[in-house]
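Colleague: Below, each chain spelled out in residue letters.
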Amino acid sequence: MKTMLPTLGLLLGCQLCGEVAARGLGLPIPGPVLGLVLMIAILRTWPAAAAQIRATVGVILANLSLMFVPAGVGVIGNLDVLADDWFALLVILTVSTLLAMCAAVTTFIGVSKLIGGPPE
Amino acid sequence: MNAAADLWSYLSATPLTWLTVTILAYLAADAAARALRNAPWANPVLFSVLLIAPVLWATETDYAAYFEGAQFIHFLLGPATVALALPLWDNRDMIKRSVAPILLALFVGSFVAAGSAILLARAFALPTEVILSLAPKSTTAPVALGVSEAVGGIPTLTAVLVILTGVIGAVTVTPLMNMLRISDWRARGFAVGVAAHGIGTARAFQVNEVAGAYAGIAMALNALLTSLIVPALVRWFM
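Those sequence lines, one after another, are chains A and B. Note that the first sequence covers residues 1 to 120 in the numbering used here. Note that the second sequence covers residues 121 to 358 in the numbering used here.
Certain hints may be false.
[Said to hold, decoys possible] Listing some non-contacts, in silico: residues in chain B with all C-beta distances to chain A over 10 angstroms:
(1) Asp126
(2) Trp128
(3) Leu136
(4) Thr137
(5) Ala152
(6) Ala159
(7) Pro160
(8) Thr179
(9) Gly198
(10) Ala237
(11) Leu240
(12) Thr248
(13) Gly272
(14) Val327
(15) Leu353
(16) Met358
[Claimed, not checked] Label-pair restraints from in silico Cβ distances:
(17) Gly24/A <-> Met299/B: 42 to 48 angstroms
(18) Arg154/B <-> Leu90/A: 48 to 54 angstroms
(19) Thr179/B <-> Asn78/A: 35 to 41 angstroms
(20) Ala148/B <-> Pro6/A: 29 to 35 angstroms
(21) Thr134/B <-> Asn78/A: 36 to 42 angstroms
(22) Asp126/B <-> Arg44/A: 54 to 60 angstroms
(23) Ser132/B <-> Ala62/A: 40 to 46 angstroms
(24) Leu127/B <-> Asn78/A: 28 to 34 angstroms
(25) Ala178/B <-> Asn78/A: 17 to 23 angstroms
(26) Asn122/B <-> Ala21/A: 53 to 59 angstroms
(27) Ala148/B <-> Gly58/A: 20 to 26 angstroms
(28) Ser132/B <-> Val20/A: 33 to 39 angstroms
For the record, the hints were derived by calculation from the structure and aren't laboratory data. Backbone N, C-alpha and C fix where the C-beta goes; we use that ideal spot for every residue, glycine too.
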């Protein structure tokens, strides 16, 4: 895969620029999110870049779950921070997450219908 | 016996061991999830953690030693976030047509995610610093930790709550959306991205590419919005 290293270089370069901008300007946005915006700007400027990064980006996004495993393992070791509140916290997390998804999906569908776009 | 002890003292100290264990556990978890046809509860993050935790426990390895190796994978979260640009670019025409639903669903979803957590925690009469740690739970970890610290929460507690939220969202989104009879992949993906950040986004990519792209947008925008509205909600509700 000869596009792998250039793709990694580009992704890391965008992230680095994002980190520099976030820190330099004291923005409350994580560097990688600014890097994402920069990457979109690059794709706008050079649409041909999309084909070059597709293979490597595809592998990364297909295995996004892998990147959360180290943090997930950290949770097991830190479960004691939940202490006496663990049951209440689990109930709250579940109910609040379900409510947020219901609210977001209902709003999305409602506004889509309101502005009359075709469902996609 | 001495040779074995020497070998183990090498293996337990080298990042190579835990990096390898993490990747092998993930490959097994991912294969299991596929064999179970990506059933909602067959979450690769959850399965991997359940495979690795007993190994650490049996070998009396502390998390710091494990993370020496696992940090190389953890580090990839940054470039993976940047990589979300490609599906957004690929779906740009569809996204341009759905700017209004995106922005309104973002505000409503982000507000409900943080507001309901604060109000429920108050109903359970949890300690103030626990409520403050809970408020930013739906956003991506680096932002959530920063917000938690800024409003007076406990960052280590927030880190745990953020990951648990991600897994809960990833596991519940498919049955919830099927129950609500939502067939629009844009809306399904957006909802899980706004409520369950990257782990929800990983689930969305597992199911559908459009859902993944919209989950990515929701996650990125919510990283921005949470850092603005959680301090305001805390002042309001506390």
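Colleague: Report the numbers of all earlier hints that the structure fails to satisfy, in ascending order.
Modeller: Violated hints: 9, 10, 11, 18, 19, 21, 23; rest satisfied.
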